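With these hints in hand, go ahead and build the complete structure from the sequences.
The sequence shown: position 136 = 136 (full-length UniProt numbering), numbered continuously.
A portion of the hints provided could be inaccurate.
Ranges between beta-carbon positions, derived for each pair [said to hold, decoys possible]:
| id | residue 1 | residue 2 | range |
| --- | --- | --- | --- |
| 1 | L7 | I156 | 46 to 52 Å |
| 2 | A151 | T14 | 42 to 48 Å |
| 3 | L7 | A62 | 17 to 23 Å |
| 4 | R68 | V124 | 50 to 56 Å |
| 5 | F75 | M53 | 19 to 25 Å |
| 6 | D54 | I156 | 16 to 22 Å |
| 7 | M18 | P74 | 40 to 46 Å |
Hints listed in this document are in silico derivations from the structure and should not be mistaken for laboratory results. As the structure is a computational prediction, the values presented were derived from the model and not from experiment. Here a beta-carbon is modelled for each residue, glycine too, at the ideal position from N, C-alpha and C.
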Amino acid sequence: MSFLTVLPLMVPATVFAMGIQITFIRMGLNNTVAGVILAHLIYSLPYAVRLIMDGTRAVGIALEEQARVLGAGPFQAFRRTTLPMLVPVILSAVSMSYIVSFSQYFLTLLLGGGRIKTFAVVMVPYLQSGSRNIACVYSILFMGITLLVFAVFERIAGYWTGQMAGGYYES
1 MSFLTVLPLM
11 VPATVFAMGI
21 QITFIRMGLN
31 NTVAGVILAH
41 LIYSLPYAVR
51 LIMDGTRAVG
61 IALEEQARVL
71 GAGPFQAFRR
81 TTLPMLVPVI
91 LSAVSMSYIV
101 SFSQYFLTLL
111 LGGGRIKTFA
121 VVMVPYLQSG
131 SRNIACVYSI
141 LFMGITLLVF
151 AVFERIAGYW
161 TGQMAGGYYE
171 S
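Written out as structure tokens, the structure reads:
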């Protein structure tokens, strides 16, 4: 089963983009914001699934089973034992998907038809034209936004791991 999660990563981005463009043209999603967002989700999904699968395997089900033995229902056992331990893993998966999506140039350009502007679509022409000063400013903004997003993710992960370490429990 884990082999299937790696399979989409073996397809070159150009092949993926051309295939999804043909599909999106038939569905009327080409050159739309919804189409670009959906393509980014589909493209980054294998990275997230792989990380979450590995994290779930590492966490195991022993604590959840113990909670069930002690009287917790299935949802409550998952929410109180497994989910708090998976939050850092889920945030890592979201971070990886964010990196893959935020830096996507070709996929956005092809499916957005040049009308959908993302940071990469705006920045790359400055890099190609030799406008190094403007390209440097965009690169710094690119890094700044990414660092800000990661700081928020780190804060959320710290909040959840603090709860796991004995912060609070509601009944």
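Checked hints:
1. At roughly 31 Å, the beta-carbon separation of L7 and I156 lies outside the given 46 to 52 Å, and the hint is violated.
2. For the hinted restraint 42 to 48 Å between A151 and T14, the CB-CB distance of approximately 34 Å leaves it violated.
3. A beta carbon spacing of about 30 Å between L7 and A62 contradicts the range 17 to 23 Å that was offered as a hint.
4. The supplied range of 50 to 56 Å is met by R68 and V124, whose beta-carbon atoms lie about 52 Å from each other.
5. At roughly 21 Å, the beta carbons of F75 and M53 sit within the given window of 19 to 25 Å.
6. At about 20 Å, the CB distance of D54 to I156 agrees with the hint of 16 to 22 Å.
7. Checking the proposed 40 to 46 Å range against M18 and P74 shows it holds: the Cβ atoms sit about 44 Å from each other.
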